[in-house]
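Chemist: Can you build the whole structure from these sequences, using the hints too?
Numbering (full-length UniProt numbering), first residue to last: 1 to 195.
Where hints are given, some of them may not hold.
Stated by the list, open to error - Here are the simulated distance ranges between beta carbons: (1) 31 x 61: 35 to 41 Å; (2) 97 x 186: 16 to 22 Å; (3) 181 x 85: 49 to 55 Å; (4) 26 x 77: 38 to 44 Å; (5) 151 x 189: 34 to 40 Å; (6) 3 x 85: 52 to 58 Å.
Hints in this document: simulated from the structure, not taken from any laboratory.
Note that the Cβ used here is the ideal one computed from N, Cα and C, for glycine as well.
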Amino acid sequence: MDFVVGLPRTRLKHDSIWVIVDRLTKSAHFLPVKMTDMAPHYAKLSPIGWFEPTEVQLLGPNLVHDALKKVALIRQRLKTTQSRQKGYTYVHRRKLEFNEGDQVFLKVSPMKGVMRFGKKGKLSPRFIGPYRILKRIGEVAYKLELPALMTLVHPVFHVSMLREYVPDLAHIISPEVVEINDDLTHDEEPVEILD
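Modeler: Laid out in structure tokens, this is it:
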């Protein structure tokens, strides 16, 4: 805070410029002022709060008590809101647990845009199987009995990759053998040409 004094008077009788530098934003404010009669007033103003020091009134314990009541009310309302949201989330959620010997489908298209079994997008099968569960590993993993075609795939899967099998012959989708060339491409031949 500084003053530029000794300037000619303006139409509004200002004869000085009050320079205030904000340290946080590193910007300067230039205010035209009347220095002749206001200098003692400007000297009293605090850079912490631009108000008269005599205007400050402390409310004491009442202020603290009111603030604590408001904090308690906010916490209670947040807790209510969180429990309501939790109720919305868990309505459709069910805990998946399987036993040894159960049949399950295995999820094969974990991401959008991944091409599985020669089909892309909505038409690609999302689950293959069914496969028998050999063993439960930990809380959320299961070891499956995979066919010989899938020897390169690790047989332990998270429960989110499995779906309960309901016996129906239309559900069975077997993985096809895809011959991959040395340059990591494969050849597709049409099954039937329609005119």
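Chemist: Which numbered hints turn out to be false for this structure?
Modeler: Hints 2, 5 are the ones this structure does not satisfy, whereas the remaining hints hold.
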